[in-house]
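Enquirer: Sequence:
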Amino acid sequence: MDSLTPSDLFSPSKARQQRAQAQDWAHIDSWLSYKYAGRTVPTFERNDETLKVLRELSMANERADEERAVLERIEREALRELDEVQRNDDDERMLSSLRASLTPEGEQALDALASTAVALNTCTIKPEAIAHALMHNTTTSQNLTNQLAHIETLQGYVDRQQALLRTQLHELQTNPAFTTPPNLQRQTTEQTRQVKHLRAKIREYEDRLSSLQSSQSRNMTPNSRSMASAEAISEMLEQQKALDELRERVERACLPIKRLRGKKWASWKSGWMR
Numbered sequence: 001m002d003s004l005t006p007s008d009l010f011s012p013s014k015a016r017q018q019r020a021q022a023q024d025w026a027h028i029d030s031w032l033s034y035k036y037a038g039r040t041v042p043t044f045e046r047n048d049e050t051l052k053v054l055r056e057l058s059m060a061n062e063r064a065d066e067e068r069a070v071l072e073r074i075e076r077e078a079l080r081e082l083d084e085v086q087r088n089d090d091d092e093r094m095l096s097s098l099r100a101s102l103t104p105e106g107e108q109a110l111d112a113l114a115s116t117a118v119a120l121n122t123c124t125i126k127p128e129a130i131a132h133a134l135m136h137n138t139t140t141s142q143n144l145t146n147q148l149a150h151i152e153t154l155q156g157y158v159d160r161q162q163a164l165l166r167t168q169l170h171e172l173q174t175n176p177a178f179t180t181p182p183n184l185q186r187q188t189t190e191q192t193r194q195v196k197h198l199r200a201k202i203r204e205y206e207d208r209l210s211s212l213q214s215s216q217s218r219n220m221t222p223n224s225r226s227m228a229s230a231e232a233i234s235e236m237l238e239q240q241k242a243l244d245e246l247r248e249r250v251e252r253a254c255l256p257i258k259r260l261r262g263k264k265w266a267s268w269k270s271g272w273m274r
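Counting from 1, one number per residue, gives the positions in the sequence shown under UniProt numbering.
I should point out that these hints are in silico values taken from the structure, not numbers from a laboratory. As the structure is a prediction and not an experimental result, all values here were calculated from the model. Even glycine gets a Cβ: it sits at the ideal position worked out from N, Cα and C. Please note that the accuracy of each hint is not assured.
To be verified - Quick list of simulated restraints, FRET-style, between CB atoms:
1) T179 x L154: 43 to 51 Å
2) E49 x N143: 49 to 57 Å
3) A60 x A26: 14 to 22 Å
4) E204 x L237: 12 to 20 Å
5) L154 x Q23: 31 to 39 Å
6) Q194 x L237: 41 to 49 Å
7) E62 x F178: 54 to 62 Å
What the hints assert, rightly or not - Here are the simulated BS3-like pairs of lysine-lysine, each with C-alpha atoms no more than 27 Å apart in a straight line:
8) K14 x K52
9) K201 x K241
10) K14 x K35
11) K241 x K196
Make the full structure from the sequences, and use the hints.
Expert: The structure is reproduced here in structure tokens:
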């Protein structure tokens, strides 16, 4: 054990710790001296780890001594109670006469009957009572056996499900189909930007088309309506065609994202259903 240093004198917590260790070592030394009973205690290194082990060993030894003392006291009390039980001389003479008159086979049968009654915890040696107790114990044993088999079946099912879940988890962690591509964020950002741009173009062309139709309807005279109808229809068809092309581009830009989400969902669902 280390001695107190000058710095420890100004640290109350360290001083308390040193005092507690000193008390523990004193208890250990006393316990070792008692166990060796006059013999020389072997030398050993005194450090915190050794103190911890010896303290646990001494506590376990003391608990064992206490349990042994309690057991000895109970045995002495039981023997004293047996000695205090009054013996009936008539019963002893009757038992001796019965044993003397029995054949060896009869004595073995009597011992077997008495042992069976004790094992079945019955207070009588009547064959009917012993038979009922034996049937009850057999039924209880069979029920416990069935319950144990049921529990073992459930345990096997739980083990199989756990193995299946571990396999699925390993597949989710290692299968490239469930891993996120390294450039997914960049692709998503670029496609989102393209979709926003194309949708803005669609709205712009729709506004231009509606304003053009309104201006043409206001500026046309009854005589010029028939002459300009062919040109207006042709221009409207071209603008409608351009608008349809923009819509197709938007759909094509959104298609990879939808396919990627659908592929991940289908792969995850098929892996889970297996």
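Enquirer: Which numbered hints are broken by the structure, listed smallest first?
Expert: Violated: hints 1, 5, 6, 10.
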